[in-house]
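Chain C: place on chain D using the hints.
There are 2 protein chains.
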Amino acid sequence: MSQGKLLYAQSGGVTAVINTTAAAVITTARAAGVPVYAARNGILGALREDLIDTRKESAAAIAALAYTPGGAFGSCRFKLKSLEADRAHYQRLIEVLRAHDIRRFLYNGGNDSADTANKVSQIAREFDYPLHCIGVPKTVDNDLVVTDCCPGFGSAAKYTAVSLREAAIDVASMAETSTKVFVLEVMGRHAGWLAAAAGLAGHGADEAPHLILFPEVVFDEARFMAAVDATVKRVGYCVVAVSEGVRDGDGKFLADAGRTDAFGHVQLGGAGPEIAARVSAKLGYKTHWAVPDYLQRSARHLASKTDHDHAWAAGEAAVKYALAGQNAVMPVIVRTSDAPYRWKIQSAPLAKIANREKTLPKNYIRKDSYGITDAARRYLEPLIRGESAPPYGKDGLPKYVSLKNAPVARKLAEYRVGK
Amino acid sequence: MSQGKLLYAQSGGVTAVINTTAAAVITTARAAGVPVYAARNGILGALREDLIDTRKESAAAIAALAYTPGGAFGSCRFKLKSLEADRAHYQRLIEVLRAHDIRRFLYNGGNDSADTANKVSQIAREFDYPLHCIGVPKTVDNDLVVTDCCPGFGSAAKYTAVSLREAAIDVASMAETSTKVFVLEVMGRHAGWLAAAAGLAGHGADEAPHLILFPEVVFDEARFMAAVDATVKRVGYCVVAVSEGVRDGDGKFLADAGRTDAFGHVQLGGAGPEIAARVSAKLGYKTHWAVPDYLQRSARHLASKTDHDHAWAAGEAAVKYALAGQNAVMPVIVRTSDAPYRWKIQSAPLAKIANREKTLPKNYIRKDSYGITDAARRYLEPLIRGESAPPYGKDGLPKYVSLKNAPVARKLAEYRVGK
Numbered sequence: 229m230s231q232g233k234l235l236y237a238q239s240g241g242v243t244a245v246i247n248t249t250a251a252a253v254i255t256t257a258r259a260a261g262v263p264v265y266a267a268r269n270g271i272l273g274a275l276r277e278d279l280i281d282t283r284k285e286s287a288a289a290i291a292a293l294a295y296t297p298g299g300a301f302g303s304c305r306f307k308l309k310s311l312e313a314d315r316a317h318y319q320r321l322i323e324v325l326r327a328h329d330i331r332r333f334l335y336n337g338g339n340d341s342a343d344t345a346n347k348v349s350q351i352a353r354e355f356d357y358p359l360h361c362i363g364v365p366k367t368v369d370n371d372l373v374v375t376d377c378c379p380g381f382g383s384a385a386k387y388t389a390v391s392l393r394e395a396a397i398d399v400a401s402m403a404e405t406s407t408k409v410f411v412l413e414v415m416g417r418h419a420g421w422l423a424a425a426a427g428l429a430g431h432g433a434d435e436a437p438h439l440i441l442f443p444e445v446v447f448d449e450a451r452f453m454a455a456v457d458a459t460v461k462r463v464g465y466c467v468v469a470v471s472e473g474v475r476d477g478d479g480k481f482l483a484d485a486g487r488t489d490a491f492g493h494v495q496l497g498g499a500g501p502e503i504a505a506r507v508s509a510k511l512g513y514k515t516h517w518a519v520p521d522y523l524q525r526s527a528r529h530l531a532s533k534t535d536h537d538h539a540w541a542a543g544e545a546a547v548k549y550a551l552a553g554q555n556a557v558m559p560v561i562v563r564t565s566d567a568p569y570r571w572k573i574q575s576a577p578l579a580k581i582a583n584r585e586k587t588l589p590k591n592y593i594r595k596d597s598y599g600i601t602d603a604a605r606r607y608l609e610p611l612i613r614g615e616s617a618p619p620y621g622k623d624g625l626p627k628y629v630s631l632k633n634a635p636v637a638r639k640l641a642e643y644r645v646g647k
Numbered sequence: 229m230s231q232g233k234l235l236y237a238q239s240g241g242v243t244a245v246i247n248t249t250a251a252a253v254i255t256t257a258r259a260a261g262v263p264v265y266a267a268r269n270g271i272l273g274a275l276r277e278d279l280i281d282t283r284k285e286s287a288a289a290i291a292a293l294a295y296t297p298g299g300a301f302g303s304c305r306f307k308l309k310s311l312e313a314d315r316a317h318y319q320r321l322i323e324v325l326r327a328h329d330i331r332r333f334l335y336n337g338g339n340d341s342a343d344t345a346n347k348v349s350q351i352a353r354e355f356d357y358p359l360h361c362i363g364v365p366k367t368v369d370n371d372l373v374v375t376d377c378c379p380g381f382g383s384a385a386k387y388t389a390v391s392l393r394e395a396a397i398d399v400a401s402m403a404e405t406s407t408k409v410f411v412l413e414v415m416g417r418h419a420g421w422l423a424a425a426a427g428l429a430g431h432g433a434d435e436a437p438h439l440i441l442f443p444e445v446v447f448d449e450a451r452f453m454a455a456v457d458a459t460v461k462r463v464g465y466c467v468v469a470v471s472e473g474v475r476d477g478d479g480k481f482l483a484d485a486g487r488t489d490a491f492g493h494v495q496l497g498g499a500g501p502e503i504a505a506r507v508s509a510k511l512g513y514k515t516h517w518a519v520p521d522y523l524q525r526s527a528r529h530l531a532s533k534t535d536h537d538h539a540w541a542a543g544e545a546a547v548k549y550a551l552a553g554q555n556a557v558m559p560v561i562v563r564t565s566d567a568p569y570r571w572k573i574q575s576a577p578l579a580k581i582a583n584r585e586k587t588l589p590k591n592y593i594r595k596d597s598y599g600i601t602d603a604a605r606r607y608l609e610p611l612i613r614g615e616s617a618p619p620y621g622k623d624g625l626p627k628y629v630s631l632k633n634a635p636v637a638r639k640l641a642e643y644r645v646g647k
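Sequences listed follow chains D and C, in order.
One rule links them: number in my numbering = place in the first sequence (from 1) + 228.
One rule links them: number in my numbering = place in the second sequence (from 1) + 228.
Bound-form chain D, shown alone (with noise of 0.2 Å):
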């Protein structure tokens, strides 16, 4: 019988790292004799049957790809709900999949993605097409369950730490002079996974980050601003890390834009000048403030090698598990040792993955709420290990890759999604 193609689709927010599962998706599947087929702009790709043939790419571009930030086939943000209320999507997928003998379909994204994986799964076997389903673990907001982190996070939370300790070394050398408060707003809708990485940047109450606001606590202006004036007092300047989910009283975002994206999700972006510009207002001190945003998903200058590790062993089992017969699971990584560091990749049931979210644990937040435990530093310290850094040219830029993605030729009629 014929092991068939592989399709392989990336979803979501890309991250530093998600190409360096896609390039082990290829190598893995190349080594096994398995053509790999991706999606073009995820999904949608799918749907519309717009594939790539990623056999016409060279072993050195797929080499590079490894190093290369953003999604090389293009990711989207489109969910596909229930069965019963986007039934003709489902099956078109398994139409699209069936005409070019795929039969395995890897979906590198988050825990919208591993739905969908699942459900892609259980309407393969409603139609009787034989199909393995593999959820890809990825997201830099660490939030997947079952497993211990989240390809993609280590190295935004790498970015978080350094950068976050090279501008507090930056202010305390100016602070006499000039500004006294600076603000960096680090991503993290929901949990605050980013913004706990920012802690790693320093150790005890005099090192930056001195105050960390997490989406977990409700933000107490009066609190807080006490903590700043204290802190300015006590070491000259305050660096505060504050989450683009923090939220007042009322629940709202601090620096909510009233706009939502394709998942129904807030967009966010500016609790960081808004802490800013209130410190200035209630204590007169002068602030400064960063928003690095995609700068901090995107940065594979500065990827953390664990990272690397679990993106690759990721997207190596993904494939290994399609091909020896495993469906709707995902390879998750399983922490065996803080210290050392050890972690192995384990199956694990997409069912058991999807639409679920894991917040950060409440030992992970000191009591007073502005940093981050002991138990938070085990945890996170070694997901931000080691350096993988790119080739760079002689242009002192990354030597980032641009595949060809060649179309691979149409087969049935045009099907109209997502415009």
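I should point out that these hints are in silico values taken from the structure, not numbers from a laboratory.
Where hints are given, some of them may not hold.
Repeated chains share a single entry, so a pair holds when one copy, or any two copies, can fit it.
[What the hints assert, rightly or not] Derived lysine to aspartate or glutamate pairs resembling EDC-like cross-links, with alpha carbons at most 16 Å apart:
#1 K533 to E615
#2 K627 to E435
#3 K622 to D566
#4 K533 to D623
#5 K632 to D602
#6 K309 to D566
#7 K480 to E449
#8 K480 to D376
#9 K514 to E544
For chain C alone, coordinates are given in the frame of chain D:
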């Protein structure tokens, strides 16, 4: 005759490599047997007789200093005015230098600092105090005249170009269903050097940055919106690099637009968020923006090797000039060839550098005003070339050094200044 001691002070905004210069100063002076004092918090420390004895620092600490961002002895924004207006300060400075047998004064800063170093050399002559004053170049703004470039700029430029390329790859991956227009705000209130550096991230009209907004070009909103729209329609997305100093036709900074959010709160400036908000409002595209702020000038982890080498050479030459009896000069970088890139250090009179500002040459800005020319690329590219990564610890963070900064015993009465 005693060589006396050497006093080194840092001035103004710090950079990723100002400590590289400091390390070169200390290393070179140590090799010559000349003790180095540093002024705590720049010229303020010199006036207050708040001096640091760098002999207390180990060779390992000084070696690590070369890879540590920020200003290790503290810097300040405190400008000495004319000899007449600030005569008491200048006199005090001579008293402090005399009390500690300091015969060489190295002032590491921009054009204001070159002016101060020049004036200190004048007042020393007037008081018949044998002093050699050397200005040492430093500024991410790259706005010093005479020198081909300024230590600190190359690393900020590399950070800007790399970050923009990475974010652009991210945006390209997601453009169909997510952000269509991404805006990166870069430093440079008066001169578009860093805005121009963003241009190194891509080649040709379809590679990011698609549009650069220079402070040298009056912002024409209608023309800009048409260019953004045309880019989105042609490329699928649009990446904009905007200088914090971009102004509208009235000469007002866009950052000072005083926009209010949905709740009527005034949103604090930032040319980046302002441009993004206007694009959303006028064109209806989903936008994201990033403001790296201090991250841009403190990103030692992404320093340029060329910049590191310039910074070291400037510090080394400054000591040599001082010991060779030069006075009121600055070691400047002279470019002798673009390709291959060749440069040397040369002595230039402070009087020619003080208080002047080098703006971006007109022929560095493309005719349509939204990009850089080949001439700009020839100038800029060598400055971001090569990597100079710091060593990393087992914790995944760069090993940045914190000096002891042991105080020198005071010999004079207290002098209050700057508070």
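Under a CA distance limit of 16 Å, which applies to K514 and E544: within one copy, between copies, both, or neither? neither (50 Å within a copy, 35 Å between copies)
For the identical chains here, do K627 and E435 meet the 16 Å Cα criterion within one copy, between copies, both, or neither? For K627 and E435, only the inter-copy Cα distance (15 Å) is at most 16 Å; the intra-copy one is 35 Å.
Is it within, between, both, or neither for K622 and D566, if the alpha carbons may be no more than 16 Å apart? between (39 Å within a copy, 14 Å between copies)
When Cα atoms must be at most 16 Å apart, do K533 and E615 count as within-copy, between-copy, both, or neither? Result: close within a single copy only, 5 Å intra versus 18 Å inter.
Since the copies are identical, ignore which copy is meant and state whether K480 and D376 lie within 16 Å (CA to CA) inside a copy, between copies, both or neither. Neither: 30 Å inside a copy, 51 Å across copies.
Identical-chain pair category, K309 with D566, by Cα at 16 Å: Close neither inside one copy (38 Å) nor across copies (58 Å); limit 16 Å.
Could you place K632 and D602 in one of the four classes (within, between, both, neither) given a Cα distance threshold of 16 Å? neither (47 Å within a copy, 27 Å between copies)
16 Å Cα threshold - placement of E449 relative to K480: within (13 Å within a copy, 33 Å between copies)
K533 and D623: within-copy, between-copy, both or neither at 16 Å Cα: between (24 Å within a copy, 12 Å between copies)
In terms of the numbered hints stated before, the structure departs from hints 5, 6, 8, 9, listed from lowest to highest.
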